[in-house]
Every structure is written in structure tokens, then in C-alpha cells.
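Keeping the supplied structure of chain A fixed, place chain B upon it in accordance with the hints.
Here's the letter readout for the chains.
2 protein chains.
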Amino acid sequence: MTLDELCVNSLRFLSVDCVEKARSGHPGAPMGMAAMVYTLWQKHLKHDPGDPSWPDRDRFVLSAGHASALLYSLLHVYGYSLPLEELKSFRQLGSKTPGHPEYDREMGIETTTGPLGQGVANAVGMAMAERWLAGHFNRPGFEIIDHYTYVVASDGDMMEGVAAEAASFAGAQKLGRLICLYDDNKITIEGSTNLTFTENVAARFRAYGWHVIEDVDGLDIQAVDSALKTAREESEKPSLIICSTLIGYGSPGKAGTASAHGEPLGQEEAQLTRQQLGWKYEPFEIPDEASQQFNIAKERGKHLNSKWSQLFKEYSTVYPGQAKELTKCLEGELPRGWSEGVKKLFEGESKPAATREASGIVLNAIAKNVNMLIGGSADLAPSNKTILKEKGHFSPGDRMGHNIHFGVREHAMGAIANGLSLHGGVLPYIATFLIFSDYMRPPIRLAGIMGIRVIYIFTHDSIGLGEDGPTHQPVEQLMGLRLVPNLVTIRPADNLETAQAWEVALNRQRGPTALVLTRQKVPQIQHKVTKAEGAVARGAYIVKDTEEMPELILISTGSEVHIALAAAGILNDSGIDARVVSMPSWELFDSQDEEYRNKIFPPEVSARISIEAGVTSSWYKYIGEKGIAIGVDRYGLSAPWEEVYRHMGITASNIVKKALKLLGKD
Amino acid sequence: MTLDELCVNSLRFLSVDCVEKARSGHPGAPMGMAAMVYTLWQKHLKHDPGDPSWPDRDRFVLSAGHASALLYSLLHVYGYSLPLEELKSFRQLGSKTPGHPEYDREMGIETTTGPLGQGVANAVGMAMAERWLAGHFNRPGFEIIDHYTYVVASDGDMMEGVAAEAASFAGAQKLGRLICLYDDNKITIEGSTNLTFTENVAARFRAYGWHVIEDVDGLDIQAVDSALKTAREESEKPSLIICSTLIGYGSPGKAGTASAHGEPLGQEEAQLTRQQLGWKYEPFEIPDEASQQFNIAKERGKHLNSKWSQLFKEYSTVYPGQAKELTKCLEGELPRGWSEGVKKLFEGESKPAATREASGIVLNAIAKNVNMLIGGSADLAPSNKTILKEKGHFSPGDRMGHNIHFGVREHAMGAIANGLSLHGGVLPYIATFLIFSDYMRPPIRLAGIMGIRVIYIFTHDSIGLGEDGPTHQPVEQLMGLRLVPNLVTIRPADNLETAQAWEVALNRQRGPTALVLTRQKVPQIQHKVTKAEGAVARGAYIVKDTEEMPELILISTGSEVHIALAAAGILNDSGIDARVVSMPSWELFDSQDEEYRNKIFPPEVSARISIEAGVTSSWYKYIGEKGIAIGVDRYGLSAPWEEVYRHMGITASNIVKKALKLLGKD
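Those sequence lines, one after another, are chains A and B.
Mapping the first sequence onto my numbering, position 537 (from 1) lands on 537, and the numbers just tick up by one.
Mapping the second sequence onto my numbering, position 281 (from 1) lands on 281, and the numbers just tick up by one.
Chain A with its partners taken away, still in its complex shape (with noise of 0.2 angstroms):
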């Protein structure tokens, strides 16, 4: 066994010993893949445990969560701050390593991964980051931001869409930087690939204009070695580099079968396995020689840190602007009044708006004080209102573009998105219209997951779209997100309170923000409560009040603000004391104080209506069982909005028609 070996062994077995010890786990891919992924981490990642936030280290991303086991392995003996007790911990509660990775930057894990595809779109983001970064502030001389982004893909990864998209437009961005390791074991849990993955890889990635580097044994170290170099030295292209291996790799019984990949070996097959590959090791034991030739590149990174902090030093006395606003950047950090502007924006405007015009406005607004403020559209940058003028379109030829077409690939949007979001440096936004926050869902639940910063920017909100009619009319999108955890969702009622929703999401620091626009005009409430500060930030404010306590409340959200006033008007004029709450954001509200909450809803008013025009279900939770619902519990319908509003009962006599019945008085 050559030191190399030895080195590869170690790690195997240690990913086998920590799947044997949880009783749970997938051994087979960290056994197939440890030789491919040791000789990056060995030969060319450049990281340093020491320093896990180094700002120009290497990203690597295990798009193939389920390998978490080599993660882990990987991490321990390359010295992050991963006991060997947490190996042991493997899957158990309050360890440090879960079923699968979960992004924790100190720990060296770059992103949470497991759900397939997903690493693969998070790579394309984290190396359009790097670029973009670069340059805005390398100076000649002063390559700062100067590094690859790898990512390990399985079969699995390269079936799912998201990774087909990212990787269509990785290859039109021609990220050079990006580098792909393609695991390709030919097993997927029903069996061959050849059952139903019978695509040539290499001519679809050629044809998407990647650099592909084809038949390369995965299992021998000199081969990996070598295509990693050819890779990083193509600068145009991203490279794919199609490693053969074998899945559970040294195992007599269980290699190259779909049985390795899910469930442990069993303690004989271990056994049998470290026979056949001449381990006369304990489970967990590393031995010296390996660690020393682990620390080997560990210390080669310490030394490139250290080299780039002398570099960066010196960029900070010759460009000591630039040094302070990447700093500033790569922290996430809001240059000092940055919402200034924002608030004035629409003083004394009065005329009816859609809220994405007046987010397109404050968009505009904040991104020229916001420079890491970058993002766009999937294909729907016109209708969404999201193109930021002026500011150049991210490119091969223009790496300084703030603007990115993502092309009508939404699911990779979301993804890249996150990657944009966990590289550092940009604050990413991405649109499309609400209905197809559906193609995105996932995405939208790892940015929750993760606690990272992305802005969705979700127009065209409701019905209220009209003659696209019902594929394109969102009903059950807008519950949807509320229903993800640690997302937050805003759905403004006029343009006083679309600026205040991106100032939320702009000071959101530990989690993602959905923005749930019209497309229609809406009237301008104008409320005193609005002017002021805060109101959106605390969710649900009161837009009409009474002067006695009210007889009933009227919720609403959004365009259906304006119809629960023209309601609670007539309501008025019949002698009944209506109150309108516009609560823009659920979990804002949620997480206010309860004298707050029982300020909005007094518990003694019990005669409450929501007016939403989306699915009522949830409604419930603060209208009570008694309450009534006014939504769209259906699908929509082609037509000119209005009609489509009359039809579906949301107006406000229809309003009116169930408020006095829910008083009795009808």
C-alpha cells in the first residue's frame, strides 16, 4: 500500500466505520469516491482548516450529500474543528454530523446538500460569485479574489433537472472556474444506470460548451491528479471530469451493487472488507503516516493563506477603498444608510400602482447604494420589474454586470441563488412570477434550512393577473411559502409598503425573504401607520380603526387591502364599527410580542373575516373556526381581472354581504 493508498484507505474506512457505528448511513459512494476526492484535497484544494472563512479559499461542494460519511472523514483529518467523537456521533441527536451535510462554514461545509442536483446549481452560483468579485476588485497585480469552485456530482446529480439547467447556463457564463467531479459508478438504487440513464454525459456537457475530460479511472490517484490539472488550466470553459469508479469500492460481497449504497456493509462484510483491502486498522483509527501526509496539505494551505493575507495587506495600502468595501461585502454588511433614499421615494404620490412597479423603484434605489445588490430574472426581468438600470448584465465579457439572465430555468435560479448567497461577497435577488415559485420550491426550502440571505422577488401575485388564466394564476403558491419555516413572505398592499418590505428583506440576515407582488394597479393607502416606520416590519398594523372597540375585524393582504376599506366604508355607513388590519407578513407578525398581537386582534372581537385572494385554509389561526374565509379555494379562470375578482367574490359587497350575516344582522 502505497502512502497515497494508505491515505485513501483511512478514509474509507473511516466513513465505513462511521455508517457501521450509526447503524445507518450510505458507505458506498465514500467508498467509490475516496480516492477521486482525496487526490483534490490532497493535490489541489486550496483551504485552510485554520481559517475556514478565508475569503479566496477553494470552494467544495458534496453535491452527493448522501456521501456525507467522506465529508466528514475529509474534514476530521484535514484538521477543521471535527472531532473524532463526532464521527462516532454519526447521525445521532446534537452531533455535528447529520444524515447528510449541513452548511456550517466554521466546520468547513460549505452548503447542505443531499436533495439531488441541488450542490451542482449551488457550484455555478458560488463560481459566478467568484467572478464577479474578482472583477469588481482585483487589480492588476492583485488577483484577491482568485480561486475554483469544485463540486463532486453522482449519477443521481447528473439525472435531475436543476443540475441540467445550471450546467446549460454555467456553460454559457463560461465559468472556467467551476470543475466538476462526476462520480460515474453507474449504480442508482434501482440498479444499473443503464436501466433508464443511457445518455451520453460527455457530448451533453460538450454540447452545453463545457470542457469534458472523459475516461478517467477514478480510482487511481495519478489519473484524477492529472485530469484536476488539464481542468484548472482550462480558463473558458467549465470541466466535467467523468471519473469510473466503483460503488463500496473493496467490499467482496456488496461492490459495484445498488445494496452498497443506502444501508451499512454489516459488521462481516466490513470485515471481509477490510481484509480484501489489507486494513489491519480498528474502526476509527487514522494511522500516523496518513495523518502525517494529511498534514502535508494542510500546511500548504496555511502557507497559501498566510501568502494571501500579505497580498491582501498590501492591496488594503495601494487600494485601501476597494480593501475596506470587500471586507464589508464578503461580512454582509449594509454600507451606512443605504435605505436613506428609499423612504422618500414616494412622498406624496397618490396615483394607483402595481406593487412590482413600486419594487422595481426601490430596487433601483437601493442598488445604488447596495453594490453587492446583484440578481435577475428567470426570462422575466421585464415583467417582474427587476432589471437594475445601468448597471451592466453579468456576462463572459462583463463579469461587473449586476443584472444576470438566467434564462426560464427557475429551479436553477433558486439554486445558484443560494450558491451567490453562500459564497459571500453578493447579496442575490432572483424573480419570477408566483405560480412558478412552484418549479423552485426546493431551493426556497435549503435558503430556509441554511438561514442564508436570498431576496425572491414573486410577481403577477394572485387572480388578479387575469387573462393568462389558471396555469398561470397562483391560488395555493402564496400559503405555500408561508407554510416553509424561516422563510419570510411579504405581500404588500400599495407602494408605501413595498419599500418598507425590502427594507426588511435587505436587514434580514439569517434567513431568505419572499416578496409577493401584483401585477395589477393598486390604490395608494396612504396610512399614517405606513408613513411612519415599521409597520410592515411588525407584520399587521391597523389601516381603519374605530373609536370603541370594533364589532369585527377585516384582514387582509396585498391588492385586497383596498377592498377590505371600500368595505369596511360601507360597513360604516350602516352603523358597524369595522376595523381593517393589512398584515403583510405572517411570521413577522408571528414573532411580535403578544400585547402587540393582542393589540391588532383583541381577543373579545371574535367576528373576524379574512379577505385574501389565494387559499383560505390556513386563514383560521386568526380568524378563528367561526370565522370567515374570503379567498379562492378553487382554480382561477381566464379573464380581465376584475371579472375574474367579481366571479371569485372577492369585492366589497360581497364583503359586506358576509359581515352582516357573520353579525347576524343580515
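Some hints could be false.
Treat identical chains as interchangeable: a pair holds within one or across any two.
Calculated cross-link-like contacts (lysine-lysine; reagent style BS3-like; alpha-carbon spacing at most 27 angstroms) [what the hints assert, rightly or not]:
id : residue 1 : residue 2
1  : Lys186    : Lys391
2  : Lys324    : Lys665
3  : Lys21     : Lys521
4  : Lys343    : Lys531
5  : Lys237    : Lys186
6  : Lys186    : Lys389
7  : Lys46     : Lys521
8  : Lys626    : Lys599
9  : Lys328    : Lys599
Calculated directly from the structure, the hints in this document are not laboratory data.
What you are looking at is a predicted structure, and each value in this text was computed from that prediction instead of being measured.
Chain B alone, transformed into the frame defined by chain A:
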């Protein structure tokens, strides 16, 4: 102007006139693809507008659904039941011409399209169903099932991951009867496809194993005709015909630009277009010569249908059993007594079992009786328990197999299942982990809109999957499915409920059904009501009752019902009368009459607790604002499942604690 050109321009201007009259819609695509699609319909498409349900008709899918005006124009001129008046009411309330095509077999619309990429995958499903039925029912000399599936795709369709997944799958399956006409107009909403879509589509599809015909002039009828002939001759591979076209062809001011895409040309530009193309006819006028020409194709279809009818008559004589079975399959009729065996499957069974295991047993029992049941999993069949024993695997070498290997392609699987169902003759089920239902929400929604039969098997339905952790533990997915209109979601609690859930799913005629199943074992409740029939069909029923009116109602679903029962037992010992309701399906319960609903949840009992391992927000609909919802309003955790349940407080003792608090007895 040749006669063909006259016909093409008739379609072009009908489309333009629709959009102009509605002042809303997409004129550019119809103008660009009119020649291409006319060639298909006039010279190749086998259909009989007088008999839209002819089983062996070619299927036509307009994946680029925004070109709906062209489809309506075609349906009208070829004599489907779509009068000109309907074209004049394009996109108006109550018309038969909504903004995007909506499935209506009698009108000749084979599927609902608009969300891009879906139609391509629908077509793959249709082409599969065709081959499966041919495999089962054709006999020497009797090619009863022998048709093509055509799909028209846009640049946007080609960018979507769902279409990529489906195309890879179609290549592996060698679906030679599938022909895709790609409207390569090089324009998307944000501008030239060069901005972000630089890949070589032809090379990509060749990599998938498709037969690609490129550089076809899509404006040239001869060229398209010849390409279609070549494509039809290729029987081993699906064909992609790449047609260069010009969006907004004929419009002097807008042709070739994104502004032709999504808004009317405008009166003036429409007039200029008429001039440029030499169109002297009034709006909505169809020249007589053109009508006569369309009629030729219509007559051809009628003739072919009558020849087929004759053939089928002979077939019915020679193979009466097959003919009868085929007819029943095409009508979606279940064989008499299909569920007989099911009722007895679990008699006397008292051992704990995962509901996914029960589902696998039921599925196999049903499949013995119901031959048209076909399906599979997105590479998780062994975990989803979806393999039909001794029923073969659908593949190029076995067109009779019932099991489908979809590969790790959840999104395409959902859309392909829609195509299978839409084609008719088969009843599809598809499976993945519940968490990955997020990857396929768009086709689930479309199945709901269309009201078609698809059965979803979603296993590993909660934190109860344990060690795989938060990326794999669904939390918001179950509630998210309940939001989708016309989807029935069922989460059974044990073997008997699972069997009944399957019965409901099979019996459902007008919409999809989702079965939500555990990974972990659950005890058998074996309640007398479940043992009788129809408990699940009513959505909720009482599994433990009290002699008097209960003080408290515990409501639970699936794997939490037995925990609720345990809690009720403890409460009972403390002298508290608690009813336990098992509520496998909200939708089924909501459709019961008020009497039944009040019987289960008497209005006078306001102390209610819901117990379900998922987000809680919509539970207030049943427990009231003052009720207590025990659930998981956060992401999960990686650990053995029992520990995760304890950590999240989904335990009998926590339920008891909350109950005492609710009753003021703590």
C-alpha cells in the same frame, strides 16, 4: 400566394385577430410557427375532428401554451367544436378560449399547457402509453394502437429542466413514435437566446439518444413536410426537428423581437402586417379556398378513422376478450370486483408495520386485478415499495412491462404521469419520498387543474424517517399538498386505513390522489370502524370515543394516531373523557355533509388538540383559534426517529400535558 400560404396566413391572422380583439395575448409565436404547425396538421396529423376521442388518433401537444391562439385557430378551421364566436371571445370570462390551452378532449385539446416544459414531458408519457397499449393489445395484422405523438416546443421549453429530464428518459426508452417540433426562434422575453442559451440543442438531444433533424426552415412548408416524413420513418429513436422560425413573422415593426411575444401587435402594426403579407381579408375572415383545403385534411382523418373502426370491428371478432379489455381500459373502467381481495389482505394482522409496506402489499394485490395500473418511482422503488411483482419492466425490449424506472427525475416523472393518464388506457401511479414532492409540484397542480387520475405514493412522510435528517424530513409538504385544489391527500394510520386509501385513490374519477406513507413501523389500530368499509372515504372518523359528550377531542393523522390513542388512555385514567379522531384526509372530510362533520367534531366541544408531525398552521381550521396544535413548525433533525419525535414533543406525555393545560387542569 399559394394555397398553402393562404392557409398558413389564415391561421396567422386568426391568431393575430384573437389577440387584438382581446387586447391581450401572445401573437408572436403563432405568427412564427403557423407554417410549421399547419404542415403537421394538414399533411401528417392523424385525427378526426368529428370524433375527438378516437383512441388511435395522433396526439398533439402544444407545449408552448402561450401560442394558444394558434391552437384555437387550428381547432376551428379543422372543424372541432369551437365556433368562430369563441375565437372572438379569446381570454374572456366563460369562453372556451382561455389564455392558455386547457385540457378538453371533446374540443381536441389533449393537455393543459402554459407552464413551460410540461408539455414536452406530457408528450413523453403519451408516447409511452401508446407503446404500452400496442404491446398489450396489438396482434399480427391488427395494429389497433399505432399512432404518433407530436409536441411543439419553444426555446423556453428547451431550457426547462423538466423537459431535459423527460428527453433523457425518452431517449433511454427509445420512443420512436415521439416527434418534437422545436420552434427555434431565438427570442425569449428578455431578448436574444444568445444572452443565456448558447448550448447546442441538437448535440444535446443526440447525446440523449434522439434522432435530430436540424437546420429546417420552419417557414418553408416543403422543408417541414420533408423533415416530418424523415422523422416518421425513424422508429428506434424519438425525433427532434429543429425549425428556424421568426417570432412575429410578417410584422414589419416587431418580427424577430421580444416585443412580439406577449402583447397585441396593436391596431396599426396589425394593419402593417396585413399589408406586408398581402392579406386583404377582414378580421376573423377565412378565405373559402383555405377552408376547402383544411377540409381535405379533415376528410382524410375521417376516412382513416372509419378504416380503423372497420379494423377494430374485425379485431373484436377475432380477439373479443382483448377488444373488450382495451375498450374498458380506454374508458378507465375498473374490472368488476377489482377490490375484493384487498379487503381481506390484513385480516387478523396485528403486528406493527410501516404504511409504505402495507401500500406495497395492497398495490400488488390490486395490480393483479387491474391490468391498466402501471407506474414506478424516481429511483426509490425499493424504499417506496412500488415494485409490481412478476409484472416486468417497461423498456425498449419489453413494451408490456408495468414497472417504470423513471430515474432520479421527479419533475419529469410527474409530468410524464400526466401524459400517461391523458393518453388513456393506463392508470398511472408514481412514487418518491414525500420531501421530493417539492420537485414535482407543477405537474401535481396541473393534474389537479385537468382533473385527471394520477396516484402519488409519497413515503418517508415525516421526521419519522429519522437519520437522513432535515434535508429529507418533510415538514411543510403534507400541508402543502392539502393546499392544492382538487388533489385528495390521504395519510393513513395503519394497514387497514392504507388499504382503504388505495380504494379511494382507484375509485377517484376526476382528479389526482396523494398517498402519504410512513417509513417507520406503526401499530395496527384495528378499529371496528376501519374494519367496516368507508372510514377513510369519509375523511375522518372516531377511533376512540367516550360514553358522554367528550371534554376534549384529539385529532390526528397517520403515524401519530397511535400516539394520540396512548395519550387518550392516560387522560382516561385521570378521569378525562377524550375522543380520538383519525383524520386521514381533510378533503374527503370537508366534502361530507354538515351532520357528519358535526358528529365527528361537535361544535360544543371546543377543547381540541391536533397531533401531526408537520407544520400546524392550517389545523386551526379544525381546532379553532383556541385549540392547541402539536406538530413540527421548524426543520427536522438527524437522529434515530424515536429520538426526533421525543425532541419535537410528539409524545403521549406531551399531549397529556397540553391537554391538561387546555382544560385548565394543570
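Cross-check of the supplied hints:
1. Taking the closest pair of Cα atoms, lysine 186 and lysine 391 come within 27 angstroms of each other only across two copies (25 angstroms); inside a single copy the shortest separation is 45 angstroms, beyond that limit.
2. In this assembly of identical chains, the alpha carbons of lysine 324 and lysine 665 never lie at most 27 angstroms apart, being 66 angstroms within a copy and 61 angstroms across copies at closest.
3. When the C-alpha separation of lysine 21 and lysine 521 is checked against a cutoff of 27 angstroms, the pair qualifies only between copies, where the shortest distance is 22 angstroms, while the shortest distance within a copy is 61 angstroms.
4. In this assembly of identical chains, the alpha carbons of lysine 343 and lysine 531 lie at most 27 angstroms apart only when taken from the same copy (9 angstroms versus 64 angstroms across copies).
5. Proximity of lysine 237 and lysine 186 under a CA criterion of 27 angstroms is satisfied in both settings, with 26 angstroms inside one chain copy and 23 angstroms between copies.
6. Within a single copy, lysine 186 and lysine 389 get their C-alpha atoms only as close as 48 angstroms, which misses the 27 angstroms cut-off; across copies the closest is 24 angstroms, which meets it.
7. In this homomeric assembly, lysine 46 and lysine 521 never come within 27 angstroms of each other (Cα to Cα): the closest approach is 52 angstroms inside a single copy and 46 angstroms across copies.
8. In this assembly of identical chains, the alpha carbons of lysine 626 and lysine 599 lie at most 27 angstroms apart whether taken from the same copy (20 angstroms) or from different copies (17 angstroms).
9. For a Cα distance limit of 27 angstroms, the shortest separation of lysine 328 from lysine 599 qualifies neither inside one copy, at 39 angstroms, nor across copies, at 62 angstroms.
Checked against the numbered hints above, the structure violates hints 2, 7 and 9; every other hint is satisfied.
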